[in-house]
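Number of protein chains: 2
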Amino acid sequence: MAVYTEITDEELAAFLARYDIGRVLSFKGIAEGVENSNFLLHTDAGFFILTLYEKRVNEADLPFFLGLLEHLSVKGLSCPQPVKARDGALLGRLADRPAAVVTFLDGLWPRRPEVKHCAGVGEALARLHRAGADFPMRRANALSVAGWAPLFRAAEARADEVLPGLAVAIAEELSHLERAWPQGLPEGVIHADLFPDNVFFLGDRLSGLIDFYFACTDAFAYDLAICLNAWCFEPDGAFNITKGMAMTAAYERVHRLTPAEVAALPTLARGAALRFLLTRLVDWLNVPAGAMVRPKDPLEYVRKLRFHQKVANAREYGLLA
Amino acid sequence: MAVYTEITDEELAAFLARYDIGRVLSFKGIAEGVENSNFLLHTDAGFFILTLYEKRVNEADLPFFLGLLEHLSVKGLSCPQPVKARDGALLGRLADRPAAVVTFLDGLWPRRPEVKHCAGVGEALARLHRAGADFPMRRANALSVAGWAPLFRAAEARADEVLPGLAVAIAEELSHLERAWPQGLPEGVIHADLFPDNVFFLGDRLSGLIDFYFACTDAFAYDLAICLNAWCFEPDGAFNITKGMAMTAAYERVHRLTPAEVAALPTLARGAALRFLLTRLVDWLNVPAGAMVRPKDPLEYVRKLRFHQKVANAREYGLLA
Chain A
53 MAVYTEITDE
63 ELAAFLARYD
73 IGRVLSFKGI
83 AEGVENSNFL
93 LHTDAGFFIL
103 TLYEKRVNEA
113 DLPFFLGLLE
123 HLSVKGLSCP
133 QPVKARDGAL
143 LGRLADRPAA
153 VVTFLDGLWP
163 RRPEVKHCAG
173 VGEALARLHR
183 AGADFPMRRA
193 NALSVAGWAP
203 LFRAAEARAD
213 EVLPGLAVAI
223 AEELSHLERA
233 WPQGLPEGVI
243 HADLFPDNVF
253 FLGDRLSGLI
263 DFYFACTDAF
273 AYDLAICLNA
283 WCFEPDGAFN
293 ITKGMAMTAA
303 YERVHRLTPA
313 EVAALPTLAR
323 GAALRFLLTR
333 LVDWLNVPAG
343 AMVRPKDPLE
353 YVRKLRFHQK
363 VANAREYGLL
373 A
Chain B
53 MAVYTEITDE
63 ELAAFLARYD
73 IGRVLSFKGI
83 AEGVENSNFL
93 LHTDAGFFIL
103 TLYEKRVNEA
113 DLPFFLGLLE
123 HLSVKGLSCP
133 QPVKARDGAL
143 LGRLADRPAA
153 VVTFLDGLWP
163 RRPEVKHCAG
173 VGEALARLHR
183 AGADFPMRRA
193 NALSVAGWAP
203 LFRAAEARAD
213 EVLPGLAVAI
223 AEELSHLERA
233 WPQGLPEGVI
243 HADLFPDNVF
253 FLGDRLSGLI
263 DFYFACTDAF
273 AYDLAICLNA
283 WCFEPDGAFN
293 ITKGMAMTAA
303 YERVHRLTPA
313 EVAALPTLAR
323 GAALRFLLTR
333 LVDWLNVPAG
343 AMVRPKDPLE
353 YVRKLRFHQK
363 VANAREYGLL
373 A
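Sequence order for the protein chains is A and B.
Per the working numbering, the first sequence starts with residue 53, numbered consecutively.
Per the working numbering, the second sequence starts with residue 53, numbered consecutively.
Derived by calculation from the structure, the hints in this document are not laboratory data.
Backbone N, C-alpha and C define an ideal beta-carbon position, used for all residues, glycine too.
Be aware that one or more of the hints could be misleading.
Straight-line distance between alpha carbons at most 30 Å, and here's what the computed DSSO-like set of lysine-lysine pairs gives [stated by the list, open to error]:
| hint | chain 1 | residue 1 | chain 2 | residue 2 |
| --- | --- | --- | --- | --- |
| 1 | B | K362 | B | K348 |
| 2 | B | K348 | B | K168 |
| 3 | B | K127 | B | K168 |
| 4 | B | K348 | A | K107 |
| 5 | B | K168 | B | K362 |
| 6 | A | K127 | A | K168 |
| 7 | B | K348 | A | K348 |
| 8 | A | K348 | B | K168 |
| 9 | B | K362 | B | K107 |
These stretches of chain A come out as covered by chain B in the derived footprint (C-beta under 8 Å, 3 or more residues) [as the list claims (entries may be wrong)]:
| hint | segment |
| --- | --- |
| 10 | 154 to 160 |
| 11 | 182 to 194 |
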C-alpha cells in the first residue's frame, strides 16, 4: 500500500502532453504496491496505471523492466503493456521521478489462494519463462545468494529482537546455502516476486501477471521455488502438498524440468525462503517514523525455512518425478 | 489515504450478487479518504466506488448520508449516486461492515487551489445548500460548538506537547465561542468538510463534490466559513482576500447571505478553525502504532485561528456587503 508522491495538476498535464491518450478525466492513488507510487489514470482513451518509480527501484533497471513488459505483451503474455509516448519512449519523468504509463489489467488477486490458483500460477510461470527466452536484455539477480550476506549484515545486530536465536540460525543457513547453491541450471527471465497480489484472476481463469520490478536473469527453477513458498503454505504454516502438486504439474505441462532442476528444488526453496526472510527482516527493523507501509512479518519465512530444511527431495513438494 | 479492511473474493461476490451490475472485473483499494475504506470497482456495468464504513462513521447516520446523496443527485447536483441493490436498499454489509456502492465520478481535485477553484466551490456550495433545502431528514452537527469541549478534554493534557501554551489558548477561544456563537441563522443541509480533496474539476469546470460523511443540518454560513478556512489561505499561512472575494461572490450569486450571516462570519470562521484544530490535535496525539495514515498538522489551524481572531468584519474575507 503506497502512494509516496503528490502530483500537481500542472505536472500531470505536462507529462501526459507527450502521449496520445487524450485528456485526463480522473487520477487516483492506488493502495497497492509497496515499491512505487501507482495511480489509476482515466483519460479519453480509457483506463491506465501511471507508475512513479521511487527510490527503491534503480533507474538504470527501468529499460529492462519496461522492455520486458513490451516483449512479453508482444509474445501474447497478459501483463501490463507500456504505453509509448509520441516519440516512442516507454519512460518519462514526473514529479522529478522516472514514470511510465501502462495498460490497465482487469482481474482480482486471490486473497485466499486455492489449488486451482496454484495450478494457474504454475502454468503462467512456465509460459513466462518460455515467452522471455528470446528477450535480449540481461539483469543480474541482486537478491540471489551473493546478495544475502550484505542483507544479513544490515540486520544481524538486531535480528534477535525479532526472534531470540535468529541471527545464529540465519548465519548457519547462509553458510550452508553459499556452499550448496546449485550452478549451471537452465536460466532466463524470471519474475522473482510472483506472490498472490501479483497474479490476477477472472473467475477461475488467470487473467494476467503484474509487478515485474524484481524480474531478472536467473534459474527458472528458482522462480518456481519462490512460488512454492508464496502460494503453497497454509495460514497455519503447513505446506499443502496438493497445492504444490497442482503448481509443479501445471508448470511441467508447459516447460519440463530437468533432473538437475528437480534435484536442486529443495535447496532453491531454502534460498527463496531465506531471501524473503532477509528482506522482510531488514524492512521490519527499519520502519521509518510516520511510515504508511506496514512491513510484512519476517517470522512467516522463518517457519517456511524450517520446513524446507527438513525436505529430503522434490517429491515432498508434490513433484511426481 | 486508507484501506483498512481486506475483502476476500467470496465475500465480494456474495455482496455484489445483490446488485444488477454484472460480474466483477477489477477491485483495487484507493489511497484517498481517511474515514472509510474505498475501492475502485470495475464490473461489466462500468466503474464504481465501493465504500466500507469503518468505526469512525456511526452506522445510524448512514441512511442520512446515502439518502442525501440520492436526493442531491435527483436534484441535479453532481455527486456520487448510490447504486441500489435489487431490493432497493442503498446500504449492505461486507466484511462485517456497512457497505455501499456509488457511481464513479470523473474529475481531479486541485492540489494547488487557484482563484477560479475558489469561485467554483463558492457556487457549488450555494447550489448544494439550495438542493438540500427540501431534504426531509435531519442530522445534528456533532462537531459544532457543543462538541468542542469534549474534544478539548481528550487533548487538553497533552496539547502543549504540540505547541507550548496551546491548551490555554484553546480554552480561552472555546470559552469565547461558547458565549458568542450565533443562534438562529438560516440553516439546512451543509457539507461541513468541503476541502479541496472533496471537490473535483475537469479543466476549469467543477465536475462534482464527494465525501458527504460529515454532512449535517447546521447554519449555511458555517459551511461557507469552513470553505474560507480550507481554500483561501496560502501555504505560507496568509489569507488570500482575492480567493475569499471570488468564493463569497460566487456563493452569493446563487444564494444571497442575510445581514445576520454576514455579521456572524468572523465568529463562524473562528469556530471552523477551532473545529479542525481540535480534531487534528486529537488525531495527532492518538496515532496508533503501525498507523498507515499520516495525521494532518494541527498547527496549520492554530495559525488560521489567530488570523480570524483579528478579523473585525466580513469585508476582511472579501465580502462586498
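Each hint, compared with the structure:
1. Between B:K362 and B:K348, the direct Cα distance comes to roughly 24 Å. Compliance with the 30 Å bound is thereby established for this hinted pair.
2. At most 30 Å may separate the alpha-carbon atoms for a hinted pair to count; B:K348 and B:K168 meet this at roughly 25 Å.
3. Pair hint B:K127 plus B:K168 holds up; C-alpha atoms about 24 Å apart against a cutoff of 30 Å.
4. Note on B:K348 and A:K107: the hinted pairing holds, with a Cα-Cα distance of about 24 Å set against a maximum of 30 Å.
5. For the hint linking B:K168 to B:K362, the alpha-carbon distance of about 27 Å falls within 30 Å, and the restraint holds.
6. The suggested pairing of A:K127 with A:K168 holds, with an alpha-carbon distance near 24 Å, which does not exceed 30 Å.
7. This hinted pair checks out: B:K348 and A:K348 have alpha carbons roughly 26 Å apart, not beyond 30 Å.
8. Only pairs whose Cα atoms come within 30 Å are accepted, and A:K348 paired with B:K168 is rejected, the gap being roughly 45 Å.
9. Taking the CA atoms of B:K362 and B:K107, the gap is near 38 Å; set against the 30 Å cutoff, the hint is violated.
10. For the segment 154 to 160 of chain A, the proposed coverage by chain B is satisfied: 5 residues have a C-beta within less than 8 Å of a C-beta in that chain, meeting the threshold of three.
11. Only residues whose C-beta sits within less than 8 Å of a C-beta in chain B count toward coverage, and the segment 182 to 194 of chain A has 0 of them, not enough to reach three; the restraint is violated.
In this structure, the earlier hints numbered 8, 9, 11 are contradicted, and the remaining ones agree with it.
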